[in-house]
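Colleague: Residue numbers (the UniProt record's numbering), protein chains in the order written: chain F, 1 to 556; chain R, 1 to 556.
Any given hint could be a false lead.
Claimed, not checked - Just so you have them, the derived chain R footprint on chain F, three or more residues with Cβ under 8 Å:
hint, region
1, 482-490
2, 525-538
As the list claims (entries may be wrong) - Below, simulated DSS-like cross-link-like pairs (lysine-lysine); rule was C-alpha separation at most 25 Å, straight line:
hint, chain 1, residue 1, chain 2, residue 2
3, R, K280, F, K163
4, R, K163, F, K280
5, R, K80, R, K118
6, R, K197, F, K197
7, R, K127, R, K143
8, R, K383, R, K329
What the hints contain is simulated information worked out from the structure, not anything from laboratory work.
Beta carbons are placed, not taken as given, at the ideal position from N, Cα and C, and that holds for glycine.
Number of protein chains: 2
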Amino acid sequence: MNILWPVFLLTFLYTLDTGHCYITYIEARLPLPGERAPPGAPWPLPRFWQNSSTVLTLYPSTFYLQSNARECDIIQNALKRYRRYILIDEKNGVRDLSLSVLEGLKVEVEDKACGYPKLPESYVDEKYSIDVPTSGPAVIKTKTVWGALRALETFSQLIYQDKNKAYQINVTSIEDYPRYTYRGLLLDTARHYQPMKTLKQNLDAMSYNKFNVFHWHLVDDQSFPFESKRFPNLTVFGAYTPRHVYTQEDVKEIIEYARLRGIRVIPEFDTPGHTQGLAKAFPHLITPCYGDGENPYTPNHPEHAEAEMLNPIQDNTYEFVKELVSEIKDVFVDDYIHLGMDEVYYACWESNPNIKKFMEENNMTTINEVEQYYVKRTLANVKDIGYKYMIWQDPIDNDVQASPDTVVEVWKDKYLDSKMDYWENYIVPIAQKGYKIVLSSCWYLNYISYGPDWKKYYECDPREFNGTEEEKDLVVGGEACMWGEYVDGTNLLSRLWPRAAAVAERLWSDASVRDVDSANFRLDQQRCRMLRRGIPAQPILNGFCGDYEWDLDADI
Amino acid sequence: MNILWPVFLLTFLYTLDTGHCYITYIEARLPLPGERAPPGAPWPLPRFWQNSSTVLTLYPSTFYLQSNARECDIIQNALKRYRRYILIDEKNGVRDLSLSVLEGLKVEVEDKACGYPKLPESYVDEKYSIDVPTSGPAVIKTKTVWGALRALETFSQLIYQDKNKAYQINVTSIEDYPRYTYRGLLLDTARHYQPMKTLKQNLDAMSYNKFNVFHWHLVDDQSFPFESKRFPNLTVFGAYTPRHVYTQEDVKEIIEYARLRGIRVIPEFDTPGHTQGLAKAFPHLITPCYGDGENPYTPNHPEHAEAEMLNPIQDNTYEFVKELVSEIKDVFVDDYIHLGMDEVYYACWESNPNIKKFMEENNMTTINEVEQYYVKRTLANVKDIGYKYMIWQDPIDNDVQASPDTVVEVWKDKYLDSKMDYWENYIVPIAQKGYKIVLSSCWYLNYISYGPDWKKYYECDPREFNGTEEEKDLVVGGEACMWGEYVDGTNLLSRLWPRAAAVAERLWSDASVRDVDSANFRLDQQRCRMLRRGIPAQPILNGFCGDYEWDLDADI
Chain F
1 MNILWPVFLL TFLYTLDTGH CYITYIEARL PLPGERAPPG APWPLPRFWQ
51 NSSTVLTLYP STFYLQSNAR ECDIIQNALK RYRRYILIDE KNGVRDLSLS
101 VLEGLKVEVE DKACGYPKLP ESYVDEKYSI DVPTSGPAVI KTKTVWGALR
151 ALETFSQLIY QDKNKAYQIN VTSIEDYPRY TYRGLLLDTA RHYQPMKTLK
201 QNLDAMSYNK FNVFHWHLVD DQSFPFESKR FPNLTVFGAY TPRHVYTQED
251 VKEIIEYARL RGIRVIPEFD TPGHTQGLAK AFPHLITPCY GDGENPYTPN
301 HPEHAEAEML NPIQDNTYEF VKELVSEIKD VFVDDYIHLG MDEVYYACWE
351 SNPNIKKFME ENNMTTINEV EQYYVKRTLA NVKDIGYKYM IWQDPIDNDV
401 QASPDTVVEV WKDKYLDSKM DYWENYIVPI AQKGYKIVLS SCWYLNYISY
451 GPDWKKYYEC DPREFNGTEE EKDLVVGGEA CMWGEYVDGT NLLSRLWPRA
501 AAVAERLWSD ASVRDVDSAN FRLDQQRCRM LRRGIPAQPI LNGFCGDYEW
551 DLDADI
Chain R
1 MNILWPVFLL TFLYTLDTGH CYITYIEARL PLPGERAPPG APWPLPRFWQ
51 NSSTVLTLYP STFYLQSNAR ECDIIQNALK RYRRYILIDE KNGVRDLSLS
101 VLEGLKVEVE DKACGYPKLP ESYVDEKYSI DVPTSGPAVI KTKTVWGALR
151 ALETFSQLIY QDKNKAYQIN VTSIEDYPRY TYRGLLLDTA RHYQPMKTLK
201 QNLDAMSYNK FNVFHWHLVD DQSFPFESKR FPNLTVFGAY TPRHVYTQED
251 VKEIIEYARL RGIRVIPEFD TPGHTQGLAK AFPHLITPCY GDGENPYTPN
301 HPEHAEAEML NPIQDNTYEF VKELVSEIKD VFVDDYIHLG MDEVYYACWE
351 SNPNIKKFME ENNMTTINEV EQYYVKRTLA NVKDIGYKYM IWQDPIDNDV
401 QASPDTVVEV WKDKYLDSKM DYWENYIVPI AQKGYKIVLS SCWYLNYISY
451 GPDWKKYYEC DPREFNGTEE EKDLVVGGEA CMWGEYVDGT NLLSRLWPRA
501 AAVAERLWSD ASVRDVDSAN FRLDQQRCRM LRRGIPAQPI LNGFCGDYEW
551 DLDADI
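With the sequences and hints as input, model every part of the structure.
Modeller: If you want it as structure tokens, here you go:
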């Protein structure tokens with residue numbers, strides 16, 4: 001990908017309260033590392049951003065948002081939403097009579113009637129341009145509605161308020177497009193049920209940062225909260241309680257909420273491990289682990305529960321998985337499903353005398369062949385249903401042959417197994433086998449640590465491994481993961497944001513945008529912007545966020 | 001302190017939904033380590049807790065709370081509050097006709113008309129007993145209103161709801177009193193302004209865990225949010241904005257809120273370091289650090305700002321501090337103030353040629369003598385005002401002589417200076433000098449880490465250092481600290497709770513209550529209880545909290 005770079009910051013000649021300090025820009029230059037970002041600095045950073053010293057003002061009462069694609073529900077909804085974000089402090093807005101007025105914004109979409117799929121698909125075109133001229137309306141140009149969504153987000157970030165609350169925007173020219181087509185965020189709703197409100201707020205936050213894939217780790221050992229109409233016992237026995245369930249209506253609501261924000265929803269239904277939630281309803285599909293090779297450990301015994309897995313030698317296992325995936329496909333409309341396939345405990349399968357017997361009968365000498373058998377048969381079934389799929393890297397590590405169009409998610413890293421190498425080494429053999437790759441190893445945001453740990457997420461680059469250019473091109477994107485062991489509605493959003501924003505910029509902006517000191521204050525501005533829009537993003541620096549601190553005025 | 005121990009758990013013969021699972025207790029025994037706590041298990045654990053298998057029920061419509069001390073505002077307010085907590089799910093409460101009814105609760109206070117100081121003081125008597133008999137009302141007996149507050153909290157925790165939402169309580173007998181008289185929690189409102197709502201919710205959470213001191217780290221280098229009427233410029237120049245200020249009315253509101261919950265409020269006004277907030281209004285009281293011994297670094301230059309300190313050789317420094325402390329004393333009614341005195345940068349003072357000259361004139365050979373001079377003169381001034389005081393350990397480490405009634409807070413630990421020893425070694429010389437001690441070293445809760453880190457806080461015991469019994473008796477308590485660099489209204493409460501609850505049990509319960517596996521599920525129950533009362537305490541285990549998950553039903 002070629003880029004137009006660098007950012008040009010031209011002359012700023014005014015003093016402005018941006019929250020953390022009063023800033024005066026008096027000459028044309030790039031901000032030095034560690035220097036505060038100018039007001040209205042976008043996150044993630046666009047490819048080409050020309051920002052002049054000429055400042056315009058917006059009048060809330062007359063500012064208009066128009067589009068040639070208003071008949072498309074995505075655009076219609078977005079214009080309404082972004083009007084709110086642009087004029088967020090409408091009741092306090094004042095006129096600044098000393099400045100020229102930006103009269104409105106026109107959003108010009110080529111495929112104007114949602115001609116492009118109404119659903120965001122893999123590898124959509126998200127390119128856009130923004131022109132804020134000295135006179136006349138601002139203009140967004142884009143091929144697709146998805147590009148329009150990204151552009152509206154950027155445009156909304158260019159607007160700021162001065163000390164007197166007047167809305168301002170600099171005369172600006174932007175050309176932008178993402179570095180990666182897969183910019184994902186994983187939430188886990190099995191270790192803890194995440195409230196619907198939290199899921200929606202998180203989709204909002206994702207859209208503020210141009211993430212475009214919600215990887216929904218729906219179910220796991222701890223619980224099975226996805227309502228199946230075909231197998232209602234899955235939630236009757238597998239959910240924490242009947243209230244800790246996502247009904248199919250709930251799921252559709254989330255998918256629609258995501259669609260309107262240009263976000264795909266990829267469900268994960270993990271097998272053959274991580275199936276204890278499911279096992280509460282269907283224990284006969286599970287093989288226990290055998291303690292002494294003869295007697296199984298007590299089923300569901302806590303110490304062994306996570307080692308127990310689907311039984312790979314029973315036909316009904318495959319039939320069940322196929323039927324359930326069919327039902328999932330009816331609800332989750334994305335073209336991809338994530339099939340998990342991580343952490344198969346060989347010792348557990350090997351301990352089962354029936355599996356041993358099956359291996360002998362089928363001339364299998366290693367348990368790896370059983371995994372191979374499970375993976376191939378399941379992938380074939382899922383392909384029959386018409387789904388494309390992602391899997392975790394584990395079967396590929398174990399030399400299982402998956403079909404070449406499989407997207408492999410690389411998740412292993414040093415901290416997960418101190419005897420092994422870093423992700424840079426894990427990724428190489430997978431790239432060498434030619435699979436498409438999504439990287440998440442360096443973005444396990446559930447592992448918290450003290451201080452500005454966003455910097456280490458920011459510094460991780462998915463192309464920085466020892467591979468050929470062709471191998472590096474196999475990386476289609478990356479994913480921030482928030483596993484659910486220690487998060488729920490109380491802390492998920494504040495723990496995740498703005499740390500995930502660091503990943504968002506890495507996956508959207510040019511690879512050369514890497515300096516944490518330059519990003520620091522711009523990210524702080526982004527966190528304040530998110531706060532202002534209702535996301536309880538936690539602080540990354542000492543200081544405050546203008547007048548829109550979280551809950552500052554609320555009375556107990 | 002002699003204790004009646006251990007806890008007796010008698011027969012449980014029913015099945016109950018406590019949130020994480022359906023529990024059946026079928027025989028009389030102590031819960032084994034790792035075993036789930038019975039419903040209605042109190043936190044912190046009382047000294048003596050006899051819990052029978054006989055279960056009573058409460059009828060919301062007829063249950064009464066009475067007291068012989070109703071005329072005391074503290075009791076009146078508490079009865080109202082605890083009625084709400086006891087019958088928290090009132091609208092869903094149903095009658096269980098199969099059980100005997102606990103008709104009400106009588107709170108009998110010896111000093112019934114708030115005869116005991118209306119304000120919680122250091123070393124108050126918090127002892128209480130609770131008797132829940134098979135018939136007749138439950139009875140709380142206590143000498144002081146403060147004991148009554150602790151008892152009401154415990155009583156409220158004994159009540160739970162069964163699967164059908166009927167309120168239940170076991171026939172119970174409790175005798176209880178705290179291990180330490182100082183059970184503190186520090187919040188820092190200078191790195192980030194903490195909203196009033198957050199401060200109040202935190203006081204609520206403290207009362208649920210029997211903390212009794214709110215150490216308010218009011219001001220610091222980053223900002224000065226305390227309104228001074230004598231020196232209004234302190235907030236004009238030192239606060240982030242005029243909205244990021246605690247007016248004296250705000251402070252009084254917090255003190256009153258705390259008083260009604262039996263919590264003292266000790267303000268910290270830190271000098272001679274950590275004074276850059278103050279310096280924005282009164283730069284002439286500050287000495288800059290001199291770069292080359294001749295020319296000062298630019299005042300307020302960010303790299304050196306934290307090293308700049310009050311000028312110890314000017315009389316007006318002492319006059320200013322004295323006047324401000326006088327004003328603080330008019331607002332903060334506790335008998336103690338915390339005077340800080342930590343982290344004096346010797347090199348900075350030493351770099352000032354005027355201080356060098358002062359030393360020569362006063363026959364001082366080391367900068368330590370200057371610190372000595374500052375500390376002694378300031379402590380004398382504060383004593384004149386009528387305040388008792390706490391300080392951080394630093395001057396004592398530097399062999400400064402403080403008056404013998406000083407309470408010294410030990411805060412240093414390995415992680416803060418890897419060249420030095422653990423707190424167990426820092427505390428010894430201070431105890432040997434005979435000062436009263438509050439320990440916070442092992443309870444810096446701002447330093448987060450992944451997973452159930454409450455365990456390490458739980459395991460730290462303030463008497464486990466190499467000292468005599470007399471030296472150990474000098475420890476009057478401990479304090480959980482939440483420094484404010486990375487917390488504000490978005491994440492303070494969820495990050496702090498229930499981790500701080502681990503410190504609360506350490507400071508209240510008997511020293512033998514140490515097993516983390518036994519505490520695990522009881523703490524989880526306490527976190528769910530806090531959640532139910534509106535504190536967004538974060539999860540410590542996989543699972544859920546009954547039907548009262550945070551915001552479970554809220555619509556976006």
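Colleague: For each hint, tell me whether it holds in the structure or not.
Modeller: Against the structure, the hints come out as follows:
no. : hint            : verdict
1   : 482-490         : holds (count 7)
2   : 525-538         : holds (count 4)
3   : R:K280 - F:K163 : holds (21 Å)
4   : R:K163 - F:K280 : holds (21 Å)
5   : R:K80 - R:K118  : holds (18 Å)
6   : R:K197 - F:K197 : holds (22 Å)
7   : R:K127 - R:K143 : holds (7 Å)
8   : R:K383 - R:K329 : holds (11 Å)
The structure shown violates none of the earlier numbered hints.
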